[in-house]
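The listed protein sequences derive, respectively, from chains A, B, C and D. Sequential numbering from 1 applies to the first sequence in my numbering. Sequential numbering from 1 applies to the second sequence in my numbering. Sequential numbering from 1 applies to the third sequence in my numbering. Sequential numbering from 1 applies to the fourth sequence in my numbering.
These are calculated hints, taken from the structure and not from any lab test. Hints are not guaranteed to be accurate.
[To be verified] Pair ranges (Cβ atoms, derived): (1) Arg39(A) <-> Gly120(D): 51 to 57 Å; (2) Ile2(B) <-> Gln145(C): 36 to 42 Å; (3) Val28(C) <-> Glu64(D): 57 to 63 Å; (4) Glu185(D) <-> Glu73(B): 31 to 37 Å; (5) Arg39(A) <-> Glu185(D): 41 to 47 Å; (6) Leu70(B) <-> Ala9(A): 56 to 62 Å; (7) Trp120(C) <-> Ala48(A): 26 to 32 Å; (8) Asp44(C) <-> Leu116(B): 37 to 43 Å; (9) Lys55(A) <-> Leu77(C): 53 to 59 Å; (10) His71(D) <-> Ala142(C): 50 to 56 Å; (11) Leu70(B) <-> Leu77(C): 29 to 35 Å; (12) Val28(C) <-> Lys7(A): 29 to 35 Å.
[As the list claims (entries may be wrong)] Some chain C residues judged to face chain A by a derived CB distance under 7 Å, without partners named: (13) Lys11; (14) Gly49; (15) Thr51; (16) Lys53; (17) Ile54; (18) Leu57; (19) Ile104; (20) Thr119; (21) Asn176; (22) Asn179; (23) Arg222; (24) Ser229; (25) Leu232; (26) Leu235.
Remember, it's a predicted structure, so these values are computed and weren't measured experimentally. Ideal Cβ placement from N, Cα and C applies to all residues, glycine included.
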Amino acid sequence: MMPELGKYAGAVLGSYAASLGLIVALVAWSLWRSAKVRRTLAEVEARAAKAAALKAKAKKHG
Amino acid sequence: MIALLVRDMRLAMRAGGGFGLGLAFFLLVAVLVPLGVGPNSALLAKIAPGILWVGALLACLLSLDRLFALDFEDGSLDLLVTAPIPLEGAVAIKALAHWLVTGLPLTLIAPVLGVLLNLPEAGYFWLVVSLALGTPALSVIGAFGAALTVGLKRGGLLLSLLVLPLYVPTLIFGAEVVKRGADGMATATPLALLAAITAGVAALLPFASAAAIRINLR
Amino acid sequence: MSLWEYANPQKFMQLSRWVLPFVAAASVLCLVIGLAWGFFWTPDDYKQGSTVKIFYLHVPAAMMAINAWVMMLVTSLVWLIRRHHVSALAAKAAAPVGLTFTLIALATGALWGQPMWGTWWAWDPRLTSFLILALFYLGYIALWQAVDDPDTAADLTSVLCIVGSVFALLSRYAVNFWNQGLHQGASLSLDKKENVADVFWYPALVCIAGFVLLFISLVLLRTRTEIRSRRLGALLARERMG
Amino acid sequence: MELRVDQLAVARGGVTVLEGVSFALPAGRGLVLRGPNGIGKTTLLRTVAGLQPAAAGAVSAGAEAIAYAAHADGLKATLTVTENLAFWAAVYGTAAVEYALAQMNLLDLRDRQAANLSAGQKRRLGLARLLVTGRPIWVLDEPTVSLDTASVALFGDVVRGHMSRGGSVLIATHIDLGIEAEVLELGPYRARDGSQSSAFDAAFGGDFA
Numbered sequence: 001m002m003p004e005l006g007k008y009a010g011a012v013l014g015s016y017a018a019s020l021g022l023i024v025a026l027v028a029w030s031l032w033r034s035a036k037v038r039r040t041l042a043e044v045e046a047r048a049a050k051a052a053a054l055k056a057k058a059k060k061h062g
Numbered sequence: 001m002i003a004l005l006v007r008d009m010r011l012a013m014r015a016g017g018g019f020g021l022g023l024a025f026f027l028l029v030a031v032l033v034p035l036g037v038g039p040n041s042a043l044l045a046k047i048a049p050g051i052l053w054v055g056a057l058l059a060c061l062l063s064l065d066r067l068f069a070l071d072f073e074d075g076s077l078d079l080l081v082t083a084p085i086p087l088e089g090a091v092a093i094k095a096l097a098h099w100l101v102t103g104l105p106l107t108l109i110a111p112v113l114g115v116l117l118n119l120p121e122a123g124y125f126w127l128v129v130s131l132a133l134g135t136p137a138l139s140v141i142g143a144f145g146a147a148l149t150v151g152l153k154r155g156g157l158l159l160s161l162l163v164l165p166l167y168v169p170t171l172i173f174g175a176e177v178v179k180r181g182a183d184g185m186a187t188a189t190p191l192a193l194l195a196a197i198t199a200g201v202a203a204l205l206p207f208a209s210a211a212a213i214r215i216n217l218r
Numbered sequence: 001m002s003l004w005e006y007a008n009p010q011k012f013m014q015l016s017r018w019v020l021p022f023v024a025a026a027s028v029l030c031l032v033i034g035l036a037w038g039f040f041w042t043p044d045d046y047k048q049g050s051t052v053k054i055f056y057l058h059v060p061a062a063m064m065a066i067n068a069w070v071m072m073l074v075t076s077l078v079w080l081i082r083r084h085h086v087s088a089l090a091a092k093a094a095a096p097v098g099l100t101f102t103l104i105a106l107a108t109g110a111l112w113g114q115p116m117w118g119t120w121w122a123w124d125p126r127l128t129s130f131l132i133l134a135l136f137y138l139g140y141i142a143l144w145q146a147v148d149d150p151d152t153a154a155d156l157t158s159v160l161c162i163v164g165s166v167f168a169l170l171s172r173y174a175v176n177f178w179n180q181g182l183h184q185g186a187s188l189s190l191d192k193k194e195n196v197a198d199v200f201w202y203p204a205l206v207c208i209a210g211f212v213l214l215f216i217s218l219v220l221l222r223t224r225t226e227i228r229s230r231r232l233g234a235l236l237a238r239e240r241m242g
Numbered sequence: 001m002e003l004r005v006d007q008l009a010v011a012r013g014g015v016t017v018l019e020g021v022s023f024a025l026p027a028g029r030g031l032v033l034r035g036p037n038g039i040g041k042t043t044l045l046r047t048v049a050g051l052q053p054a055a056a057g058a059v060s061a062g063a064e065a066i067a068y069a070a071h072a073d074g075l076k077a078t079l080t081v082t083e084n085l086a087f088w089a090a091v092y093g094t095a096a097v098e099y100a101l102a103q104m105n106l107l108d109l110r111d112r113q114a115a116n117l118s119a120g121q122k123r124r125l126g127l128a129r130l131l132v133t134g135r136p137i138w139v140l141d142e143p144t145v146s147l148d149t150a151s152v153a154l155f156g157d158v159v160r161g162h163m164s165r166g167g168s169v170l171i172a173t174h175i176d177l178g179i180e181a182e183v184l185e186l187g188p189y190r191a192r193d194g195s196q197s198s199a200f201d202a203a204f205g206g207d208f209a
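All chains, full assembly: derive it from the sequences and hints.
Structure representation (structure tokens):
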């Protein structure tokens, strides 16, 4: 199945490895950052909602 | 406007350091390169135009981070923005003042350093002409970089990263003029392109620089 | 319904959440098909041998490296003129993608140049231009990183992007003037496809489609992250103020 | 020339700090802004002076009628007192250097470099700049910082003189300058629950699940 690359095997395989490596690294970094920001945002949103609920409650009683 | 030019020149003269530092750096480059590449005069003659242009460019870069930062720190940039002179004009004047205290002395001292680097005789005239035409562009482009980074801590390094790629066309055409002049070839084309870049950036870039300063002061 | 509605972050988030999986899947599909086709089922070039297979990575990456900058230029202009936050954030999101494509084009170019020209690096006008383009990307990204206030950063980077575009064009011209170069002419353009035999051309087209879709999906994903991060910053600022 | 501020909202770092600020300052009058630290006095004054855009609302007087003075005096340490003032006089196209020196009691120091002035003397020089601008509306941010009692009184006289010639003064200060001026408490204009500017809320306020 593997095509005969001849004397240029190093250059061809190196190109594919370098390119795919860079792309995979970029995608992985983007996904990791996306997940991290999404998680932090969810935490802060929950905190903000809780604070708002507390404030509303205090208003009702006071 | 003229008052601003006079003030900036006066400040540069009295501060002492800034004025001489660029020249000293330029001199050091011209001394260190032969020490690094060896005393072969044919090789030095060949690379002299490029070394002299790169040296002038880096010497220009040295004092750029103070161009607006000093005025920003002591509050006079705020006052200049609210003053009745257009900020675009003020930026252009400050770039002109920067050129008068760095670019112009570099241009005048360059032939002396050309001797150190064995620049061929035919090259001296073109060295002075190309630096005289090209260094104003370096000051104006540098003013743009300084305007972008004016409010930043550690702006100096970022300034170099932003400005050096913008210097590429000026450097290429400037060094090309000297190279061709030294080889006794026709210099009209790169010289015209160099002049066109200088004229273009002097006319247009102050608008971008003024916009960047206004954004940074908000 | 006007196109500008999608410039609203909420609208953008809704639309992109729906679109992103499809674009991402299509991009993976195109890249796998195009690269596998090119790698396994195309013949060697009579002159360049098997190095012709690098073409399927090198050319699409180089095209997208430039297109990414053009996209940043357009979104920067939109931000300066119409003040749509999504536009500025999309430009910010695209820059690292563009830089990666530039690096791919440079790396594959060096690997290709070694057997063809006998050197890893030649100061050839095209390679040099891409090196300068990489510097422009670095400066742009560094400026985003250095400025704290997000709107100020968006304004400054937009100005830099516009000025940088002019200088990138000037540099391209200057570099051409400076060295006529070893690089073959543009081997792929839509009206000149006779330069390349059909066997190479069809898989290359699939690869180009794959790179375009990859760029779109990465920019969508990263823009979504930037929007969330803006909202996060705003919420934290509100918390601090009590 | 009247300064009129209408429903002004100002933002610092993208967060609205004051909103709904309205006042009118007729020629010959003074207005003192008061409020706790951090409420946004400096931001408000910078917005009025045209250094930053308003988040909402309008300022009627053009920026070219306003002379602004802030904490930093914009002095150059290596220039003499006269040179510092002469520069601004040239920029504003006036010839009032001698008059300004006399008014701020700087005549004896005229040839001294700004680097060799005390903090209070520098401040006086910074304020003398206002006199050479020839502009009718002064916008001052804490002008009396580092001035001693005598200098505060001197500055109060200068401000009164300016008002008697038809000039007006908008000033943020904690101390009494001894001038006749109305007082505007900024407390009631504090932006509600530290809210974002409305445009930003519309853009980033929603649900980003």
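Do the hints match the structure? See the list:
In this structure, Arg39(A) and Gly120(D) meet the distance hint of 51 to 57 Å, their C-beta atoms being roughly 54 Å apart. Distance hint check for Ile2(B) and Gln145(C): the Cβ-Cβ separation is about 40 Å, which falls inside the suggested range of 36 to 42 Å. Between Val28(C) and Glu64(D) the beta carbon distance is about 60 Å. The supplied range of 57 to 63 Å therefore holds. Against the hinted window of 31 to 37 Å, the Cβ-Cβ separation of Glu185(D) and Glu73(B) comes to about 33 Å, which satisfies the hint.
Here the CB-CB span from Arg39(A) to Glu185(D) is close to 43 Å, well matched to the stated 41 to 47 Å. Distance hint check: the CB atoms of Leu70(B) and Ala9(A) are about 59 Å apart, consistent with the given range 56 to 62 Å. For Trp120(C) and Ala48(A), the hinted distance range of 26 to 32 Å is not satisfied, since their beta carbons lie about 54 Å from each other. Separation of Asp44(C) from Leu116(B) is about 54 Å and departs from the stated range, judged on CB atoms against 37 to 43 Å.
Roughly 42 Å separates the CB atoms of Lys55(A) and Leu77(C), a value that falls outside the hinted 53 to 59 Å. Between His71(D) and Ala142(C) the beta carbons are some 31 Å apart, a value that contradicts the proposed interval 50 to 56 Å. With their beta carbons about 33 Å apart, Leu70(B) and Leu77(C) fall inside the hinted range of 29 to 35 Å. Take Val28(C) and Lys7(A): their Cβ atoms lie about 32 Å apart, and the range 29 to 35 Å holds.
With 7 Å as the threshold, the beta carbon of Lys11(C) stays out of range of chain A, its nearest partner Cβ sitting at about 18 Å, so the hint is violated. The criterion of a C-beta within 7 Å of any C-beta in chain A is met by Gly49(C), whose closest approach is roughly 5 Å, and the hint holds. For Thr51(C), the shortest C-beta to C-beta distance to chain A is roughly 5 Å, which falls under 7 Å, so the interface hint holds. This hint holds: Lys53(C) has a C-beta 5 Å from the nearest C-beta of chain A, less than the 7 Å allowed.
For Ile54(C), the interface hint holds, the least distance from its beta-carbon to any beta-carbon of chain A being 4 Å, beneath 7 Å. The closest approach between the C-beta of Leu57(C) and any C-beta of chain A is roughly 5 Å, which is under the 7 Å cut-off, so the hint is satisfied. Because the beta carbon of Ile104(C) sits about 5 Å from the nearest beta carbon in chain A, less than 7 Å, this interface hint is met. The interface hint given for Thr119(C) is violated, since its Cβ lies 13 Å from the closest Cβ of chain A, which is over the 7 Å cut-off.
At about 25 Å, the closest approach between the beta carbon of Asn176(C) and any beta carbon in chain A exceeds 7 Å, and the interface hint on this residue is violated. Using the Cβ-Cβ criterion of 7 Å, the hint placing Asn179(C) at the interface with chain A is not satisfied: the shortest such distance is roughly 23 Å. The beta carbon of Arg222(C) is positioned within 7 Å of a beta carbon in chain A (closest approach about 5 Å), and the interface hint is therefore held. Taken as an interface hint, Ser229(C) checks out: its beta carbon lies about 5 Å from the nearest beta carbon of chain A, inside 7 Å.
Hint on Leu232(C) holds. Least Cβ distance to chain A is approximately 5 Å, under the 7 Å limit. For the restraint placing Leu235(C) at the interface with chain A, the shortest Cβ-Cβ distance is roughly 5 Å, inside the 7 Å limit, so the hint holds.
Comparing the model with each numbered hint stated earlier shows that hints 7, 8, 9, 10, 13, 20, 21 and 22 do not hold.
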